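**Q** Chains Z and Y are the protein sequences, given in the same order.
Per our numbering, the very first residue in the first sequence carries number 1; after that it's consecutive.
Per our numbering, the very first residue in the second sequence carries number 1; after that it's consecutive.
Treat the hints with caution; some may be incorrect.
DEER-style ranges, computed between Cβ atoms [stated by the list, open to error]:
| hint | chain 1 | residue 1 | chain 2 | residue 2 | range |
| --- | --- | --- | --- | --- | --- |
| 1 | Y | K329 | Z | P312 | 51 to 59 Å |
| 2 | Z | V229 | Y | P315 | 33 to 41 Å |
| 3 | Y | D15 | Z | P77 | 29 to 37 Å |
| 4 | Y | G239 | Z | G337 | 40 to 48 Å |
| 5 | Y | S358 | Z | S75 | 24 to 32 Å |
| 6 | Y | P77 | Z | S340 | 27 to 35 Å |
| 7 | Y | S317 | Z | L46 | 22 to 30 Å |
| 8 | Z | P77 | Y | D45 | 27 to 35 Å |
| 9 | Z | A280 | Y | D15 | 28 to 36 Å |
| 10 | Y | E319 | Z | G239 | 48 to 56 Å |
| 11 | Y | P77 | Z | R53 | 29 to 37 Å |
| 12 | Y | G54 | Z | S340 | 52 to 60 Å |
| 13 | Y | D300 | Z | S75 | 57 to 65 Å |
If you are wondering where the hints come from, they were derived from the structure by calculation, not from laboratory data.
A quick note: this is a predicted structure, and the numbers were derived from the prediction, not measured.
Here a beta-carbon is modelled for each residue, glycine too, at the ideal position from N, C-alpha and C.
2 protein chains.
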Amino acid sequence: MLRALDLAEALEAGDVTPRGVVELIVEAVAEREAELGAFAHLDLDLLRAAASRGEFSGPLHGLPVAFKDIIDTASLPTEYGSPIYKGWKPKADAAIVTMTEAAGGLMLGKAATCEFAFLNPAPTLNPFDAARTPGGSSAGSAAGVAAGMMPLAFGTQTGGSVIRPASYCGVAAIKPSFRLLPTVGVKTGAWTLDTLGLFGARVVDVAFGLAAISGRDLRVDGRDFGAPVLGVTRLPFAGAMAPEAEAALDVAIRAAERAGASVVDVTLPPEWAAAQAAHATIYSFEGAHALSWEIAHHKDKLSGILRQHFAPEVPISVEAYDEARGIAKRARRASHGVFSGIDALLTYSATGVAPDRSSTGDAACNKLFTLLGTPAVNVPGLHFAEGLPMGLQVISAFGEDHRALAAAHYVENLLMSTQ
Amino acid sequence: MLRALDLAEALEAGDVTPRGVVELIVEAVAEREAELGAFAHLDLDLLRAAASRGEFSGPLHGLPVAFKDIIDTASLPTEYGSPIYKGWKPKADAAIVTMTEAAGGLMLGKAATCEFAFLNPAPTLNPFDAARTPGGSSAGSAAGVAAGMMPLAFGTQTGGSVIRPASYCGVAAIKPSFRLLPTVGVKTGAWTLDTLGLFGARVVDVAFGLAAISGRDLRVDGRDFGAPVLGVTRLPFAGAMAPEAEAALDVAIRAAERAGASVVDVTLPPEWAAAQAAHATIYSFEGAHALSWEIAHHKDKLSGILRQHFAPEVPISVEAYDEARGIAKRARRASHGVFSGIDALLTYSATGVAPDRSSTGDAACNKLFTLLGTPAVNVPGLHFAEGLPMGLQVISAFGEDHRALAAAHYVENLLMSTQ
Chain Z
1 MLRALDLAEA
11 LEAGDVTPRG
21 VVELIVEAVA
31 EREAELGAFA
41 HLDLDLLRAA
51 ASRGEFSGPL
61 HGLPVAFKDI
71 IDTASLPTEY
81 GSPIYKGWKP
91 KADAAIVTMT
101 EAAGGLMLGK
111 AATCEFAFLN
121 PAPTLNPFDA
131 ARTPGGSSAG
141 SAAGVAAGMM
151 PLAFGTQTGG
161 SVIRPASYCG
171 VAAIKPSFRL
181 LPTVGVKTGA
191 WTLDTLGLFG
201 ARVVDVAFGL
211 AAISGRDLRV
221 DGRDFGAPVL
231 GVTRLPFAGA
241 MAPEAEAALD
251 VAIRAAERAG
261 ASVVDVTLPP
271 EWAAAQAAHA
281 TIYSFEGAHA
291 LSWEIAHHKD
301 KLSGILRQHF
311 APEVPISVEA
321 YDEARGIAKR
331 ARRASHGVFS
341 GIDALLTYSA
351 TGVAPDRSST
361 GDAACNKLFT
371 LLGTPAVNVP
381 GLHFAEGLPM
391 GLQVISAFGE
401 DHRALAAAHY
411 VENLLMSTQ
Chain Y
1 MLRALDLAEA
11 LEAGDVTPRG
21 VVELIVEAVA
31 EREAELGAFA
41 HLDLDLLRAA
51 ASRGEFSGPL
61 HGLPVAFKDI
71 IDTASLPTEY
81 GSPIYKGWKP
91 KADAAIVTMT
101 EAAGGLMLGK
111 AATCEFAFLN
121 PAPTLNPFDA
131 ARTPGGSSAG
141 SAAGVAAGMM
151 PLAFGTQTGG
161 SVIRPASYCG
171 VAAIKPSFRL
181 LPTVGVKTGA
191 WTLDTLGLFG
201 ARVVDVAFGL
211 AAISGRDLRV
221 DGRDFGAPVL
231 GVTRLPFAGA
241 MAPEAEAALD
251 VAIRAAERAG
261 ASVVDVTLPP
271 EWAAAQAAHA
281 TIYSFEGAHA
291 LSWEIAHHKD
301 KLSGILRQHF
311 APEVPISVEA
321 YDEARGIAKR
331 ARRASHGVFS
341 GIDALLTYSA
351 TGVAPDRSST
361 GDAACNKLFT
371 LLGTPAVNVP
381 GLHFAEGLPM
391 GLQVISAFGE
401 DHRALAAAHY
411 VENLLMSTQ
């Protein structure tokens, strides 16, 4: 994998040029892309020209960054994973693209996405096993980082579309606090839920990238934050977990305890279980509105699974939606109790390793935290049957993104030394 | 003015056809538009063809509705009031356009807007006095309804861009609870603040339109809700008011008391004054991100006032932004106390009648309520010096849009009978 932090330091030192980094990417693309399909749009000539042109100021120093194809770009098509937008060229870049460029980043290309970031599988394969899904909906972002083709890649999470594919592909990722990153110019799925997230090789890489682009003090490299207090939960409302998920959590707990971290059991409030169920109501209601033009004018070009959720025969009523919003509000309020006394929750990133390609996997471990707006980090490092990765999820209170990253960095270091 | 509710009832009864309503609009346009400049884009042939085509199902029965030109439309250009987007044709309609059409509405045309819904005056004139501003930034929506060219018109409010122009132009308008209407496909100014609002001749008209389009039980015509409990505030944090503003509020208070409504004085919490000041910080920070592509690539095509606010030499820090968000959160929490025991607050819609065209007027009476997300209604009906309109603002608790509309309807009826 390409390590964003190391590369940025080498770029800053002049040990490598942006053009040199692009050639590393070109090599990896030549080797893996035809098989994996991680990119929706990639123009190597454009990329080489952009890398050669510049003077890059800002902490990224010319580091290339990929963007999920529901994020608008003016220089490359943006198709939202849908034939309705075949060849569509937006007028403007999304805010996150401009912010990345202002931080010295270089727009690498567009990462493959599920149709409108929902459940219809993207054409991307899992780099660890071509018969399995890389997860969704940020399929190309996760697979592209895992295959060494993207040093950093933006994705989005409305259900579990950042943390789940990161777990399946063995890469780090953060879904920051709600609206820490602006979604202006990102195709809306559900305005209460849509959250931009960032993928990289390791926790230090995503922390570095998020710090550089958001202008916030979020880096966790080169500093010792001490052992965190970790609250363990097995997400009782999320259904059954596969043995690999349980094993991964057990490994992490034992390693943390051995290393002297304080590991405590946490009882989750009943408001959280209710909110887990309310997520679907909010997504279905808002999605039906967000995609109302596509449904009204291009229904025949939508997948069956999308039509079924967002254009059902009996739509979600405003009463049901308002009730779900009330449940979400109460669950957010109940979060204060959960996070008092701990630095972060430690739990599963996904219900198991990547399943086959008939689905994009199960978001049961993620959607509550999307609705709560709390920062969540996928910690990579563990591999199970046939080398398949299985991540762990570290979650802190709203606005405590640095705390989540520091705890995740701690756990990641422990896992790296166990394998 | 064209009365939306009456027209919809006539359309339903078959007493008039959509094409007939279009001809009423065409007449008013012929009479007033060349002088006023309320439209950014209007294609009468397209409009006539659309009106003739249809079978309109849904409660609007073919009623034409105009949209502020920061709301995307696929069939007419969308220029956001900026030369950067000259002739721009979005791929898709905004969600609110599709929702309006699903309710039986007909897309009338695009209403003139200030550049990116900010402070640089739109070319529109005030229908009551060509030397004065119609207010901003929903200038065309307010003037178009006032001049009888639009039965209903959507605008947006990020500071005071719905309630203030409604007051200056003597029309009714509602800024509903935050996110009651989806802003998908609406150009972002500030994601914490941007709120779609609806203009019409009277309170019953905007209530009818909002009910039809949102699918919520919000109509206030033909029902007697009894006399509301009104809490009066003179917005001590909003600075000095012109005599017309004070006189309007006094007239309303006296009329309500005479009619048997309970009118009580309300003391506002200190959190609200702090939030009034925090509004600018949030708008400036989010606006700088929302417009980052335009600033990075087309700075020379932005107005001076926009550059000054969103591309300042010293940008708003993330710390200042986070502090402002915290202040807003505490102010929202403090709202519960204000609204307990009253149906609605009664206060000024604007600091006075419409000023001259060197500005779009002062949003001091509005921006707090945008930040709080509470529903606010402009009640028209009063006219002062030289016939200039001066509105009153009625505000209820978050989610209590029907209560705000019912109280506003009550106040409007009182004002109509005083003049």
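**Q** Please write out, lowest number first, the hints stated earlier that are contradicted by the structure.
**A** 1, 3, 5, 6, 7, 9, 10 and 13
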